[in-house]
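All chains should be modelled from the sequences, with the hints used to inform the complete structure.
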Amino acid sequence: DSGVTQTPKHLITATGQRVTLRCSPRSGDLSVYWYQQSLDQGLQFLIQYYNGEERAKGNILERFSAQQFPDLHSELNLSSLELGDSALYFCASSPTGTGGGGVGYTFGSGTRLTVV
Amino acid sequence: AQSVTQLGSHVSVSEGALVLLRCNYSSSVPPYLFWYVQYPNQGLQLLLKYTSAATLVKGINGFEAEFKKSETSFHLTKPSAHMSDAAEYFCAVRGSGGSNYKLTFGKGTLLTVNP
Chain S
1112 DSGVTQTPKH LITATGQRVT LRCSPRSGDL SVYWYQQSLD QGLQFLIQYY NGEERAKGNI
1172 LERFSAQQFP DLHSELNLSS LELGDSALYF CASSPTGTGG GGVGYTFGSG TRLTVV
Chain C
16 AQSVTQLGSH VSVSEGALVL LRCNYSSSVP PYLFWYVQYP NQGLQLLLKY TSAATLVKGI
76 NGFEAEFKKS ETSFHLTKPS AHMSDAAEYF CAVRGSGGSN YKLTFGKGTL LTVNP
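Each protein sequence line maps, in turn, to chains S and C.
Quick note on numbering: the first sequence equals residues 1112 to 1227 in this note's numbering.
Quick note on numbering: the second sequence equals residues 16 to 130 in this note's numbering.
Hints may contain errors.
[Unchecked claim] Think about it this way: if two alpha-carbon atoms lie no more than 30 Å apart in a straight line, the pair counts; the simulated DSSO-like pairs of lysine-lysine are:
id: 1; chain 1: S; residue 1: 1120; chain 2: C; residue 2: 83
id: 2; chain 1: C; residue 1: 84; chain 2: C; residue 2: 122
id: 3; chain 1: S; residue 1: 1120; chain 2: C; residue 2: 122
These are computed hints drawn from the structure, not numbers from a lab.
Quick caveat, the model's predicted, so the values are computed rather than measured.
What follows is the structure, encoded as structure tokens:
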């Protein structure tokens, strides 16, 4: 157990629908990063939050959004889903906003999203 | 912008043989470099990281990597492969500057260990 909890582990939904993926960071970590892993694109950075505020944005579609709550858990919202959104979505956390510290980044086990 | 290139999407070795997974980086500043392993249907687990303290970095499960600035490389090695090492391995570099400290990953190398 890495200490980063992602729910649900699997999600199957239809095109056009909206889903919410949840991530609880490791205890004490202030930063949350979201990544998408697909066969064709590999691991792509989506977005980072640090202590409740958006810190950096990557290749995140406009149909996707995220937020980090006061208890530091984060949610990734995916809407108007398309077949191509099927992927593994990972959350990672780090103690600081720079990913530094002795541990660095800790990854959760991911949410596998299948859009049918 | 920082980037990493992993040479070889698939490496196959025999049990007991040397494992060598290649990673070259591109960075305009001294990089922070990482190797992660992903077992089937699991998340990414940190194997080791380079943060400029020492050029030879030892990680978990007998893996190590050497940072070579002159070659812009950070290859991962293990003297003797074990069946349990079969997994996908990712090299990553941490961004720097401003507010961008995300990890940028290579495409990954799938390691197969043959009995």
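Q: Compare the distance between the alpha carbons of residue 1120(S) and residue 122(C) with 30 Å, and conclude whether the hinted pair is satisfied.
A: Judged against 30 Å, a Cα distance of about 23 Å means the pair holds.
Q. Quick one, are residue 1120(S) and residue 83(C) close enough, alpha carbons at most 30 Å?
A. violated (39 Å)
Q: Verify the proposed pairing of residue 84(C) with residue 122(C), using a straight-line Cα cut of 30 Å.
A: This hinted pair holds, its Cα atoms lying about 21 Å apart.
Figure legend: structure checked against the earlier numbered hints; the only hint not met is number 1.
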